[in-house]
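Protein chains: 2
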Amino acid sequence: MTTYPAKQHFVATAARLGADTGVILVYGSETLIHPDSDTEYEFHQNSNFYYLSGVAEPGFAAAYDIGTRTAILFVPHVSADEAVWIGVPPSLEEYRAAHGFDAAHYTKDISEVLGALKPSVVFTLPENASACNAYSLAPVEKLRAAVHEARVYKDDYEIEVMRRANQISSAAHVTLMREARQGMIETELRGRFVGLVLAQGCSYEAYGSIVAKGRNAAVLHYTKNNMALDDARDVVLVDAGGTFGNYASDITRTWPVGPKFTDNAREIYSIVLDMQKTVIEACAPLKQWEDMHMLAARVAAEGLLRLGILTGDIASIMANHVVGYFMPHGIGHLIGIDTHDVGGYPAGTERINKPGLRYLRARRQMQPRMVFTVEPGLYFVDAILAEAQATPSVAQFIDFDVVKHYRSVGGVRIEDNIVITESGNDNLTSECPKEIADVEALRASAYA
Amino acid sequence: MTTYPAKQHFVATAARLGADTGVILVYGSETLIHPDSDTEYEFHQNSNFYYLSGVAEPGFAAAYDIGTRTAILFVPHVSADEAVWIGVPPSLEEYRAAHGFDAAHYTKDISEVLGALKPSVVFTLPENASACNAYSLAPVEKLRAAVHEARVYKDDYEIEVMRRANQISSAAHVTLMREARQGMIETELRGRFVGLVLAQGCSYEAYGSIVAKGRNAAVLHYTKNNMALDDARDVVLVDAGGTFGNYASDITRTWPVGPKFTDNAREIYSIVLDMQKTVIEACAPLKQWEDMHMLAARVAAEGLLRLGILTGDIASIMANHVVGYFMPHGIGHLIGIDTHDVGGYPAGTERINKPGLRYLRARRQMQPRMVFTVEPGLYFVDAILAEAQATPSVAQFIDFDVVKHYRSVGGVRIEDNIVITESGNDNLTSECPKEIADVEALRASAYA
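As you go down the protein sequences, you meet chains A and B in turn.
Start counting the first sequence at 1; every next residue gets the next number (the UniProt record's numbering).
Start counting the second sequence at 1; every next residue gets the next number (the UniProt record's numbering).
For the record, the hints were derived by calculation from the structure and aren't laboratory data.
For clarity, every value in this text was computed on a predicted model and none was experimentally measured.
A hint or two may mislead.
[Claimed, not checked] The list that follows gives simulated cross-link-like pairs (lysine to any residue, SDA-like), each with its CA atoms no further than 20 Å apart:
1. A:K142 / B:D36
2. B:K354 / A:E82
3. A:K260 / A:T39
4. A:K404 / B:R266
Isolated chain A (complex conformation):
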């Protein structure tokens, strides 16, 4: 791959700042140590700083002189004593060239370099404000808003990195489907997944993996991952993705513990797959993201009506947000350096306080180069169903006897990552099978 387009990201950010002069100054993360210990937290770079620098190491800073379009990287100095332990670091010039900056200096010289630029105003981020208090600062929310909005639109470099994150993680999902057998512990699958993505160059899990079998899939934030896949009739929901080149992937697959879906599980899975494919088909520039949520809800309502879980007319079901009791989360979110990436709610946009919709992480018009997850699901969560039963306007549309029949399915979710293109979208997760025949073929091979 070519050089990370850090300077272009400074240019894009400055354009959104609407300033002709001034200096942007940002600091990366430092190594974090556990309290009363010398153990380091695994290093994760500040996401905004990574976007503006492409540097994944601790102790760096970066500046951009808006008027002269000069990008300056600040590198921590490594003493000869330290180099004995960590090796001889690259030179300033090597760092400058590797990250595509115009100049490089040591971090100890930041105030001298900034002083020479004589900036009328310094733009920094809220998390760097205290480090920049020697300067005349613009309100810190200005740079934050500009960086967030710039991060929403991924360039070719970012899209290719995210495609690679998806390819690596898809291959790991396929390995799980091909290898997992009845009797294994959920955490064995998580360990296998993490091992595979790390071995292929991912830095870490993009988020805490969920491996939830049977009823555990009805716990939406299940992270214990400590139960056995003891029942071949169960499905197991695996929500896991690796971070590659500091960009996240976020993929969910749900598949039977045994070689085949039970009839119940297949019926629910088919509806979720239909929801997902219908939404992906619809995603295109100028459409509203919240409409994708409602589209998924409509496909779900039709499917649940067919199964007899819902009764009544679809217009009333939709008007009463009944599907929100089976899919309590949103249809998906922006993804990039962060799994739940920034920019989902542009200034002035508010959340819609309705079941399901209130947890939607984005409300905006789709535009080319935005990357979203599309992750419909259907779940049988006892606490939520009890709430539905206690809400007459909702309960009238649900046949709770039929619900009981499907309760053991727990939950099903299918999640891909798509990039919006001029003509529609491109599925970055295309290498991870989700059609029933393909999934069952993989599961059969686990028992062959």
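Following the hints, position chain B against chain A.
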């Protein structure tokens, strides 16, 4: 396994405090979020809090009333809304019983419960001082010193957990030796290792794994792990361990990329193995840990004299700490909840400012139930050898032409974890082969 002996740890700590009354009050870690993001850091419990509670979840606190010997667990309250997402938590009584406490309350009731105890003084830790500022506090270093000293002596429960951490990690090391082939990338080995230990129930890597081939092994804190095992003549140094039940393991093995050690590598490896076995043979109650370092240095000096790397008389070589230029780190450290565990330098003990010795992480008399790493190594670090060459008192004992002949070996380290017993010690890492014949048999099987 039985219940974690949290209350016994309070008892042991209170005994070292030397107080008959008062209350110990400690807080566990909270979930930590990345800046300007909703991504959580992987949760790691505060080590002192884990020792006193056995709780590996965020948001807990614990108290111990010294006079009445009452251990009280404080549990964060989960609302019905939160339970929809994370599942229904155990009850207070279930938490109390699971962790072996005398009572359990919600954290929101801490001040009420503490008020009822009317403590004359509250003992807390430096990291909890601000949370406890409503109470009449004893100097926070008092509890810290007492907990640290209590943590030095592992009980049966802790030793068995550490044995399991070692078994799981040893098996992963064996898998690497059995599977790694020329051409693989260092990070593939790290990924495989992490995947294996997570799958067997470890929570995380105990520390950032080092997989360093060839000359990379001469970078003592090498963590890039991004190079290919391209030369069959190289050795690869793998320093990796999993944390199981919140207790660390810390194991290093060094083995050839190809099926057999080269003559050079075998010669260096043999000396390091001799150093390690000699020290382990010597570890026993009442001996001083720094003497183990000097014992390893003496065995190294004898070996390096045989190879012609050193010249001169052994007494002068030892007196001038010449081996410190080939083994710049200490012979080992205490290990427990932390990889570099607390208590290595009891009050009044100072570091010895000599090559090698100055980085020794412990100086104390060995006693039963202490767990140490024994990790001798020999390295050819250009920067350190240049310093040796520039130091006449040291350079006179080194034949730098012979050193050149061994430079490509990079570095060799062999590390086990041992528990001191009444009669000597018990090697927790006994399931990880280190004899040359065993290592070469595993390496041969990778190419079979």
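Does the structure keep K260 (chain A) and T39 (chain A) at a Cα separation of 20 Å or less?
Measuring from Cα to Cα gives roughly 45 Å; hence the hint is violated.
With the threshold set at 20 Å, check whether the alpha-carbon distance from K142 (chain A) to D36 (chain B) stays at or below it.
14 Å, holds
Run the distance test for K354 (chain B) versus E82 (chain A): straight-line Cα separation, threshold 20 Å.
Between K354 (chain B) and E82 (chain A) the Cα gap is close to 17 Å, so the pair holds against 20 Å.
Would you check the hint for K404 (chain A) and R266 (chain B), treating anything up to 20 Å between C-alpha atoms as holding?
Between K404 (chain A) and R266 (chain B) the Cα gap is close to 67 Å, so the pair fails against 20 Å, i.e. violated.
Checked against the numbered hints given earlier, the structure breaks hints 3, 4 and satisfies all the rest.
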